[in-house]
Amino acid sequence: MNSFKDSIKSGMTEYLDELKQKLEGLTEAELRWQASLDSNTIVWLVWHMARVEDNWINGVIASGETVWDSGDWAAKTDITIEGNGYSNTPDEVRSLPEVDIADLFDYYDAVRSAAFSVIDNLKDTDMSNEFSRGGRSTTFGWILGHVVVEESQHLGQVAFIRGIIRGLNG
Amino acid sequence: MATFRDPIKSALNEYYGKLKQTVGGLTPEELLWQPAPESNHILWTAWHMARVSDRWANSTVLGGQELWIRDGWAKKLGMPEDRYGRGETADQAKKFPAISIALVLEYYDAAHAAMLAMIDALERSDMDREVYSEYRGESLNIGWILGHILTEESQHLGQVAYIRGMQRGIDG
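Protein chains in written order, with this note's numbering: chain D, 1 to 170; chain G, 1 to 172.
A couple of the hints might just be wrong.
[As the list claims (entries may be wrong)] Below, computed lysine-lysine pairings styled on DSSO-like, alpha-carbon distance capped at 27 Å: (1) Lys20/G to Lys76/G; (2) Lys94/G to Lys75/G; (3) Lys94/G to Lys22/D; (4) Lys18/G to Lys94/G; (5) Lys95/G to Lys75/G; (6) Lys94/G to Lys9/G; (7) Lys95/G to Lys20/G; (8) Lys20/D to Lys18/G; (9) Lys76/G to Lys22/D; (10) Lys75/G to Lys20/G; (11) Lys76/D to Lys20/D; (12) Lys123/D to Lys9/G.
[To be verified] Which bits of chain G does chain D cover? Going by a derived footprint, with three or more residues having C-beta under 8 Å, they are: (13) 22-29; (14) 72-83.
I should point out that these hints are in silico values taken from the structure, not numbers from a laboratory. Glycine residues also receive a C-beta, built at the ideal position from the N, C-alpha and C atoms.
Using the sequences plus the hints, can you model the full thing?
See the structure below:
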């Protein structure tokens, strides 16, 4: 590694690799288990994580089409929820259709490959580029840091839910 | 001038700022509540996050002493100097001392400030430099460590938020 940019990419690689490990061997019931009536399920979190990275990097930073749209992933997964899951209600979380986790990872891998191309093309000076939405303004630098924090938070939740279900060494 | 150092510092401040918000207003019972017998509680997780920042920045990368020991935080919190949290048993989480969250955050403030100063002092050429992590028993390059700190700390923040959500509901 020879730049701070590589640290960001390394963090992104780490959270996606670890997510795949944490999903290994989980049953459909475990993927859809809710720790409380308001709590997110593992399968919803995986879908949301992929959508978040796609929106921020391929949508916002590259100001392009998301892989979700360009690859027609709504049709492929039968997930009709609009948006990336932000502020979904517990009912929406529960009603996520049964989806093959392998399909979600195919989507996530496609998102990641596009996102790394976007990041590879960013320069130091792009970090101060501004993005505004809904009267709020932020920079590309903030967005990249935020992606790592938000995605890792959700990974930590997936790991925690797995631990609740399976115990410390499950 | 803007650089890729910015997202790293921004992320450090984001997870730490959110942690402080997320533990705000919780009762001692809520801080120690375990959703399952083998699950960590919020107090343990916040304490461990502070230890993680302190160790990576002050000990592993800078090669100095942890603030936990050097500035007497272990003593102030009444805990062993070698306690870190990695690989602990369910019993250790359960029997965790009911330390003051305010004191934990004071310790974390100091560790976080040291972390930011460390990032400011790093040069691009440091990213490839390897340092030895004693407790992991392996050499790691600093570039990897920076990415890892962000993912590890943020994972734990996500857990704190989730445990809070289990107790208080989606808007609690």
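Hint-by-hint comparison with the structure:
1. Between the alpha carbons of lysine 20/G and lysine 76/G the distance comes to roughly 20 Å, so the proposed pair stays at or under 27 Å and holds.
2. Straight-line distance between C-alpha atoms of lysine 94/G and lysine 75/G comes to about 21 Å, which keeps the hinted pair within the 27 Å bound.
3. Distance hint between lysine 94/G and lysine 22/D is fulfilled; the C-alpha atoms sit about 24 Å from each other, no more than 27 Å.
4. Straight-line distance between C-alpha atoms of lysine 18/G and lysine 94/G comes to about 25 Å, which keeps the hinted pair within the 27 Å bound.
5. Taking the CA atoms of lysine 95/G and lysine 75/G, the gap is near 18 Å; set against the 27 Å cutoff, the hint holds.
6. As the CA atoms of lysine 94/G and lysine 9/G are separated by approximately 34 Å, the hinted pair breaks the 27 Å bound.
7. Distance hint between lysine 95/G and lysine 20/G is fulfilled; the C-alpha atoms sit about 24 Å from each other, no more than 27 Å.
8. Among the hinted pairs, lysine 20/D with lysine 18/G is consistent with the structure: their alpha-carbon atoms are about 26 Å apart, no more than 27 Å.
9. Taken as a hint, the lysine 76/G and lysine 22/D pair is broken in the structure, with Cα atoms around 37 Å apart against an allowance of 27 Å.
10. For the given pair, lysine 75/G sits about 23 Å from lysine 20/G by alpha-carbon distance, which is consistent with the 27 Å threshold.
11. Between lysine 76/D and lysine 20/D, the direct Cα distance comes to roughly 20 Å. Compliance with the 27 Å bound is thereby established for this hinted pair.
12. As the CA atoms of lysine 123/D and lysine 9/G are separated by approximately 17 Å, the hinted pair is consistent with the 27 Å bound.
13. Here's how the segment 22-29 of chain G fares: 0 of its residues keep a CB closer than 8 Å to some CB of chain D, so the rule of at least three is not met and the hint is violated.
14. Coverage of the segment 72-83 of chain G by chain D is violated [criterion: at least 3 residues with CB-CB distance below 8 Å; count 0].
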